[in-house]
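Enquirer: Here's the letter readout for the chains.
There are 2 protein chains.
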Amino acid sequence: MHFDTMDPQKIEQRSFEIIEQELKRDLDPIQKPVIKRVIHTTADFSYADTLCFSDQAVEKALAAIQNGVSIVTDTNMGKAGISKQTLAGFGGQVHCFMADEDVAGEAKRRGVTRAAVSMEKAAGLGEDFIFAIGNAPTALIRLRELIDEGRIHPRLVIGVPVGFVNVAEAKEYLMEADVPYIVARGRKGGSNVAAAICNALLYMCV
Amino acid sequence: MHFDTMDPQKIEQRSFEIIEQELKRDLDPIQKPVIKRVIHTTADFSYADTLCFSDQAVEKALAAIQNGVSIVTDTNMGKAGISKQTLAGFGGQVHCFMADEDVAGEAKRRGVTRAAVSMEKAAGLGEDFIFAIGNAPTALIRLRELIDEGRIHPRLVIGVPVGFVNVAEAKEYLMEADVPYIVARGRKGGSNVAAAICNALLYMCV
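These protein sequences, in sequence, are chains A and B.
Following my numbering, the residues of the first sequence are numbered contiguously, the last one being 206.
Following my numbering, the residues of the second sequence are numbered contiguously, the last one being 206.
Please note that the accuracy of each hint is not assured.
The list treats identical chains as interchangeable, and a pair is accepted whether it falls inside one copy or across any two copies.
To be verified - Pairs of lysine-lysine, DSSO-like flavour, derived with a Cα cap of 27 Å:
1. 10 to 60
2. 60 to 108
3. 108 to 121
4. 84 to 108
5. 121 to 10
6. 108 to 10
7. 121 to 24
Hints listed in this document are in silico derivations from the structure and should not be mistaken for laboratory results.
Since the model is a prediction, treat every value here as computed from it, not as a measurement.
Same shape as in the complex, but just chain A:
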């Protein structure tokens, strides 16, 4: 059996060429690297239809990264997938508070999700973050509330949880907030999609 060249960089380059060919449509040039990387990560072209960007979301994210912003994510899978080395080059780091003992304890005590408490923990740190939400719709709901209350000022919210219950609704709810966002409308998304969007933004800064 014949396999094409195994050089990872050439494979990635060829993959993006195939995506470009099959997309067959004009995308906003500044959004395009994000959309293409999500398709590269999922082999799912439906993201070209469902990814929604608030006005100048990408420009604002790039500026934040170049200013050393850190990223808060709601899954350790997301954290594992984000290029921490590239982010560190700009002075940022990736946080995931989901497994923190204080978060777990407070979530249990109040009968809310750890994802919601994680967002409160981020709000308490007195620092503006990019949020990369790939799993928990409750993280988006709590973020919207904290934004409305003026207790948190995200530089960007990546809202791409996946699922069948509350997920599509939580994304719409977040998009009504006064915050820059990149959201995958509907049910689809995931930690891998969250990490892909972060990495697309990071690679645009290099």
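Fit chain B to the given chain A structure using the hints.
Expert: This is chain B only, laid out in the frame that chain A set:
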């Protein structure tokens, strides 16, 4: 805005009910929990068509888990997503050799991928594993070669890399080997899908 109950267990239960309703077809009862969990992880029903199981693949995997098999994966995202606690309950652990210095060094020296060298490292450990391949087609290609040479005896190969170059072909190549497999035919898959299949199998053992 109204959101349904936030209890994570109830949300998961309701999600699986929705998947069951929308699937509208009869699946093999032993394969069904695997297929449903992949759909739960991706919100992508096309996996009901593309997931391929070798004869008694699930039964063999469950027996291996119950006998304390360990899992080798080709991504740290996959490792982050697999329920290591459940696996540890049976005596197994999750390995990812991709970032190991010896693997990186040898890959560079020989001009092959770290994924391919990772498979050789697993073969050298004198232990039978479940392989969960969510990223690198070269891992599947090298596994097929090692299986053909009798140097490795996987208890199961989960073959779900995602991508546009060599990916669909590498999956077909692996399926021709004499090995139990669960493969997502075509381009789709990913670390999240690999972890979801592992977790579905683990939860069937509990």
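Enquirer: None of the hints should be skipped; say for each whether it holds.
Expert: These are the hints, each one checked on the structure:
1. 10 to 60: neither (30 Å within a copy, 37 Å between copies)
2. 60 to 108: For residue 60 and residue 108, the Cα distance exceeds 27 Å both inside one copy (36 Å) and across copies (38 Å).
3. 108 to 121: within (15 Å within a copy, 42 Å between copies)
4. 84 to 108: between (30 Å within a copy, 22 Å between copies)
5. 121 to 10: between (42 Å within a copy, 25 Å between copies)
6. 108 to 10: Between. Shortest inter-copy distance 16 Å satisfies the 27 Å Cα cut-off; intra-copy 48 Å does not.
7. 121 to 24: neither (43 Å within a copy, 42 Å between copies)
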